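Asks: So for the sequence shown, our numbering puts the first residue at 105; every next one is plus one.
A couple of the hints might just be wrong.
Below are the DSSO-like pairs computed for lysine-lysine, each with C-alpha atoms no more than 27 Å apart in a straight line [unchecked claim]:
no., residue 1, residue 2
1, K331, K482
2, K250, K234
3, K454, K331
4, K273, K387
5, K358, K593
6, K455, K482
7, K341, K314
8, K387, K511
9, K593, K482
10, K399, K341
11, K273, K528
12, K355, K659
13, K304, K659
14, K361, K399
15, K314, K304
16, K304, K273
17, K455, K387
18, K629, K656
19, K361, K312
Computed Cβ-Cβ distance ranges for the label pairs, DEER-style [what the hints assert, rightly or not]:
no., residue 1, residue 2, range
20, E668, K468, 26 to 32 Å
21, D362, D395, 49 to 55 Å
22, Q383, S535, 24 to 30 Å
23, P168, G687, 57 to 63 Å
24, I192, E480, 39 to 45 Å
25, F261, L230, 22 to 28 Å
26, R518, K659, 49 to 55 Å
27, D362, L467, 53 to 59 Å
28, K593, I197, 44 to 50 Å
29, R453, R518, 31 to 37 Å
30, V684, F217, 56 to 62 Å
31, L467, F261, 31 to 37 Å
32, K341, L200, 47 to 53 Å
33, F217, Y583, 52 to 58 Å
Hints in this document: simulated from the structure, not taken from any laboratory. All figures in this text were calculated on a predicted structure; none of them were measured in a lab. From the three backbone atoms N, C-alpha and C, an ideal C-beta is built for every residue, glycine too.
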Amino acid sequence: MEEKPTSSQPVINCHTHIFTGDHVPPHLARTFVWWPFYFILSLPLILWAVKSWNQVSDAIRFSPIYRAGKRAWYKFSIWISRTWVLNILQWIISTLAIVHVFYILYDWASLVFEPDESVVNDWILLLREKLEEWNILFDIQSLFLKGLLVAAIMLFFKSGRNFILFILKRVWSFFQLLPGKMTTELIERYILLCRFTLYKHQRGVMAKLKGQYPAGTGFVVLPMDMKYMEAGHLSRKGDFYEQMKDLAALKQDKDYKDVLFPFVFIDPRRIREEAGFFQYSFKDGQVSLEDCFLKEYMEGYRFSGFKIYPALGYYPFEEELLPLWKYAADRGLPITTHCIRGTIYYRGRKKREWDEHPVFEELKSDGTPAPLLLPERKNEEFQLNFTHPMNYLCLLEEPLLRKLVGKAQDNRIRELFGYHGPDKPLDHDLSQLKICIAHFGGEDQWSRYLELDRYNYSLQLIRNPDRGIDFLYNRQGAYSPAKLEQVWKYTDWYSIICSIMLQYENVYSDISYILHNEAIFPLLKQTLRPENEKLRKRVLFGTDFYVVRNHKSDKQIVTDTLAELDDEEFNLIARENPRVFLGLSQETQ
Numbered sequence: 105m106e107e108k109p110t111s112s113q114p115v116i117n118c119h120t121h122i123f124t125g126d127h128v129p130p131h132l133a134r135t136f137v138w139w140p141f142y143f144i145l146s147l148p149l150i151l152w153a154v155k156s157w158n159q160v161s162d163a164i165r166f167s168p169i170y171r172a173g174k175r176a177w178y179k180f181s182i183w184i185s186r187t188w189v190l191n192i193l194q195w196i197i198s199t200l201a202i203v204h205v206f207y208i209l210y211d212w213a214s215l216v217f218e219p220d221e222s223v224v225n226d227w228i229l230l231l232r233e234k235l236e237e238w239n240i241l242f243d244i245q246s247l248f249l250k251g252l253l254v255a256a257i258m259l260f261f262k263s264g265r266n267f268i269l270f271i272l273k274r275v276w277s278f279f280q281l282l283p284g285k286m287t288t289e290l291i292e293r294y295i296l297l298c299r300f301t302l303y304k305h306q307r308g309v310m311a312k313l314k315g316q317y318p319a320g321t322g323f324v325v326l327p328m329d330m331k332y333m334e335a336g337h338l339s340r341k342g343d344f345y346e347q348m349k350d351l352a353a354l355k356q357d358k359d360y361k362d363v364l365f366p367f368v369f370i371d372p373r374r375i376r377e378e379a380g381f382f383q384y385s386f387k388d389g390q391v392s393l394e395d396c397f398l399k400e401y402m403e404g405y406r407f408s409g410f411k412i413y414p415a416l417g418y419y420p421f422e423e424e425l426l427p428l429w430k431y432a433a434d435r436g437l438p439i440t441t442h443c444i445r446g447t448i449y450y451r452g453r454k455k456r457e458w459d460e461h462p463v464f465e466e467l468k469s470d471g472t473p474a475p476l477l478l479p480e481r482k483n484e485e486f487q488l489n490f491t492h493p494m495n496y497l498c499l500l501e502e503p504l505l506r507k508l509v510g511k512a513q514d515n516r517i518r519e520l521f522g523y524h525g526p527d528k529p530l531d532h533d534l535s536q537l538k539i540c541i542a543h544f545g546g547e548d549q550w551s552r553y554l555e556l557d558r559y560n561y562s563l564q565l566i567r568n569p570d571r572g573i574d575f576l577y578n579r580q581g582a583y584s585p586a587k588l589e590q591v592w593k594y595t596d597w598y599s600i601i602c603s604i605m606l607q608y609e610n611v612y613s614d615i616s617y618i619l620h621n622e623a624i625f626p627l628l629k630q631t632l633r634p635e636n637e638k639l640r641k642r643v644l645f646g647t648d649f650y651v652v653r654n655h656k657s658d659k660q661i662v663t664d665t666l667a668e669l670d671d672e673e674f675n676l677i678a679r680e681n682p683r684v685f686l687g688l689s690q691e692t693q
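Starting from the given sequences, assemble the full structure and let the hints guide the process.
Replies: What follows is the structure, given as structure tokens:
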């Protein structure tokens, strides 16, 4: 059969989500806000409130009274803006209201926290003295009127609200904690879930995704299993198996069967707890699935690969995962893994075994090796120890995998890989494992790569473009734990991921989520240059729908990408590379 030219092959979005609010645990706010306030920010409660508000607001918006009132308000407000005397009067009244609200909030905050000693606070007190002397600042006695005025300004006057918060943050350092960047991202995630919780089933979300692309576009759909992240119990409707049943039904649907490429989510704790999830046998280093959930979905429903999310509280090289990764490597099945700092991560307490890395080492003051210390204590920080791209070297590099296999509690692991001791190579390894390191580490790591102009390991892609960083060995060719430590602690993730892609032919990375940021395109175009022959063939197009929606819609991301990349570059990452990653032949579509 004659092969279709690349440009006529359909686009494949390699990173999308269609799970609903039911699949997310209720207490995402845990570790962001103090106990017991994260119970108030319970996700089901917020989703219920948003649904109720939408129903009420829709009823009001389409009522004749609202439409008549909206027209009357417009005519009144435009009349004021076109009458210069009234316009000035409106500005004066608004300014006075903002000043009064500021001092009301100042007084309320002073009852709880002593203002910081600062020049700003001195000027605030001096200004108050003058305003009272000029009879501009009124003494409002009614608590009801104070509350009404505060609510009106803080809810309906954005510029006034921003000004008030700006000043308060400079008077009380406490206010600088609200809202921080991660808290803001959590709020945005709540808003996103509220947008898509209107759909009771994944089919509705999938229809919204598909409708933004030309007919025939393919979608890799990545489910989530958040049972073990210690953020509360999921409802019955949010059960992981129900989520997977919905995906299997979509895969069988005539409208989606040729364009949907669903993955199965893998969490080693589910393998540990549920015997029916993953059962296997092996012969001569080849793994076969026995009757189990994974066999039903991978070989029955023909799911396309595996999805993992280590930030939920596990390493990608946990013992329970090793035989499954051998099964995937034997068959060329892809694994997509989360690799970016995000708001979805383990919410429980840090466990003792997470204080040190299971494989990597560092040198103590006396020059002897010890397990690499992982001193991060906050959840949002120690999630990066699970997400770090160097963890995949523990699967791909035989000497590091050998350490894991040697420590395995299940003797079948040693038999499977052919373990003969710490000093002898394994009979079978995972060097051919097909992995997509999603989000390419994050746009912050791309910026960090460009900023690190004097750090040796962040210059290796330029000095050694065919290999990048040599992770394990020093210049004398000896194994170097100290080098691994240095790269882990100080090297940008863009350099690390590119180096792994250069050294292992089945390692890819997608640009999902970070694609919303137009600042990445110069470095992306450099990565895709013809002289970067290996790298350019490992980059995958993906958007991270619907998680990215708080920045841009998918159709805008596609439009922006087409404007920044030429046809050859776009066809490479959106058509050609995804087909190789998914193991699709040129004749299948």
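Asks: Output the numbers, in ascending order, of every earlier hint that fails for this structure.
Replies: 4, 5, 11, 16, 17, 20, 21, 24, 28, 31
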